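Student: Here are the chains, one letter per residue:
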Amino acid sequence: MLAILKKEFKSYLLSPIGYIFVGLFLLMFSIFFMVTIFNYSVLNFEYLFINGATILTFITPVLTMRMFSEERRNGTEQLILTSPRSITSVVLGKFFAAALIMLITEACTLMYFAILKYFGDPSLMVALSTLGGFFLLALAYISFGMFASSLTENQIVACVLTIGVFIAMWFLPNMLPALSPFSLINIFDKFTQGIISIKEIITFVTFTILFVLLTIIVLQRRKSVK
Amino acid sequence: MIEVKNVSKKYGKFYAVRDISFTIKDGEIVGFLGRNGAGKSTTMNMITGFIEPTEGSIIVNGYDVDRKPKKVKEQIGYMPEGTPLYYDLTVKEFVTYMADLKLLPRKERKTAVKKAIEETGLEKVQNKLTKNLSRGYKQRVSMAGAIVGDPKILILDEPTVGLDPKQVIEIRELIKSFRKNHTVILSSHILSEVSQICEKVIIIDKGEVVAVDTPNNLEKETTENNVLRLTVEDENDKFETIKEYISNIKEIKFVTKNDDKSKEYIVETNSNEDIRKEMFSKCAELGVVILEMKKDTASLEDAFIKIVEDRPEYSEKEIEKQEYEKELEDLRKEITEKKEAKEFKKQAKKEEKARKKAAKEEQKASKEASKEENQEGGDK
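As they're listed, the protein sequences go chains A and B.
The numbering used here applies: residue 71 is where the first sequence begins, and numbers increase by one.
The numbering used here applies: residue 5 is where the second sequence begins, and numbers increase by one.
Treat the hints with caution; some may be incorrect.
Unchecked claim - Coverage of chain A stretches by chain B, computed from C-beta distances (three or more under 8 Å per stretch; other residues unrestricted):
| no. | segment |
| --- | --- |
| 1 | 81-89 |
| 2 | 150-163 |
What the hints assert, rightly or not - In silico DSS-like pairs for lysine-lysine, Cα to Cα no more than 30 Å straight-line:
| no. | chain 1 | residue 1 | chain 2 | residue 2 |
| --- | --- | --- | --- | --- |
| 3 | B | Lys170 | B | Lys156 |
| 4 | A | Lys80 | B | Lys170 |
| 5 | A | Lys80 | B | Lys96 |
| 6 | B | Lys114 | B | Lys170 |
| 7 | A | Lys76 | B | Lys170 |
| 8 | B | Lys74 | A | Lys293 |
These aren't lab readings, by the way, just hints derived from the structure by calculation.
It should be emphasised that the depicted structure is a prediction, and the values quoted were computed from it without experimental measurement.
Where a beta carbon is used, it is the ideal one built from N, C-alpha and C, also for glycine.
Only chain A is shown next, with the shape it has when bound in the complex (with noise of 0.2 Å):
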């Protein structure tokens, strides 16, 4: 798994995708951050976040798109689904090498952390409730990214596919208030409270863990469809 981790987090830094998506991240998370602070005058550093799981829903592709499409386009799934590693294997390190990358937008991240504690005093706690719940997000959403990719050859069908249904979870709650407990942004809401509760943690590990073991069936299967 370390073998992929590294050439797939290496490939993030050498194709500009890794770059552009915490460039990307950062740019509109500050825009956030001058249009809350001076329109609003709100100096809280977890409601930007609410703001930063919205920008996570539309760029989240970004990452995730390429994971799988890109390989069997290419046909070098063939090197990887021929030689010893196991496909759990390359599965997990094509996503943690995609949290990875997370992990160092959010990092980044504390800037604007370390800027408002110079002028106010935000709650270390808080922010760290935040980030963590902000972390558990987005490795669902990588999850379900790296599935959808999974599916299709084409990068454009798996970017629209992965919006569309991140859009879907974030919006049908309000019309159908029977499917709450699938919004994850709602569910991450809690977080930026400074709330960290077992349910909630276990949403977000669940559907990690449900759409990384579907992805490894998808692969298993591919076997004997292609």
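Start from chain A and add chain B according to the hints.
Tutor: Below, chain B alone, put in the same frame as chain A:
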């Protein structure tokens, strides 16, 4: 040793590969020969475990590809069709990654990568990005990725496609050098290549194995008549009368007249006897000057075309019909089996009834006997 047993691959109703079986011994260099879409790549992909056969099993050095894929994949170096590479890596990084994927221990990795790069002649470009390389070099990088770590079995899908003649020769030499320590399977639709490199040829057509033999045997089998090709200077038009002097000649065909007034002929003979000496002396007598004379033997190309074209052409309908008939037969078999089973059961029931009856009667008899005994005892 690679054993392929009754393997089929079906896509919907279409057979990409149909019931193929063959074995490849250790150290052999085997060529898969076939037209485009004949099923060469599919077969290779199945041996490497990339795709799963619909039916049948593949065993590589004692391990079933389906059950112990890791053990099989460890032994195989695969160069897929179309040389897929990671374009954001340099040559060295790519080969290192392939070594990494093949679970090579850290200590051996560096030397293995170096060796693979040297063997494929990539030293000069090893720090270039693979996307910036020419096609020939990409091919070599793909080859380096396959041979890194010295796998016992090398599977090369069209290794020389798109190379310039010098590179082709180099790659062929490279493949030949694997002969001692590796089993090599390569596919090609270039026949001369296969006949040069391979010790064994497997001809695949429309998903079926049509012939397995050495290139020489295949060529011999398909040679029928001796054919001579001649270019002669024949001012008095006497060449065609030569038929009267040499009895073995079956036919003389005029091909063309060249610019320098020489003529080309094809002479077919009845038997396999060599008539070149006779031809030479008779031509001299008739005043015909032989500029060129060549014995034509069947090439692997002829063999291939002959074998492939001699096969009956199955239309889809016929295949469907065959399948339908097979299904019908299976059904019939099932029915007769069921009938037999029923009859067997009936028989068994009857026998048991008879046995029970007999047992009852015996019991009765014994009871009566005991009664009688009792009575007798009472009487006393």
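Student: Quick one: see if chain B covers the segment 81-89 of chain A, three-plus residues with Cβ-Cβ under 8 Å.
Tutor: holds (count 3)
Student: Does A/Lys293 lie within 30 Å of B/Lys74 when you go C-alpha to C-alpha?
Tutor: holds (15 Å)
Student: Within 30 Å, alpha carbon to alpha carbon, are A/Lys80 and B/Lys170?
Tutor: violated (36 Å)
Student: Can the restraint linking B/Lys114 and B/Lys170 be considered satisfied, given a maximum Cα separation of 30 Å?
Tutor: Holds, at roughly 29 Å.
Student: Assess, step by step, whether the Cα of B/Lys170 is no farther than 30 Å from the Cα of B/Lys156, and give holds or violated.
Tutor: holds (27 Å)
Student: Per the coverage rule (Cβ-Cβ under 8 Å, at least three residues), is the segment 150-163 of chain A covered by chain B?
Tutor: It holds, with 7 qualifying residues against the three required.
Student: Could you grab the alpha-carbon distance between A/Lys80 and B/Lys96 and see if it respects the 30 Å cut-off?
Tutor: Within the cut-off at roughly 14 Å; holds.
Student: For a C-alpha distance cap of 30 Å, please report whether A/Lys76 and B/Lys170 respect it.
Tutor: Distance of about 37 Å is beyond 30 Å: violated.
Hints 4 and 7, counting from the list given before, are not met by this structure.
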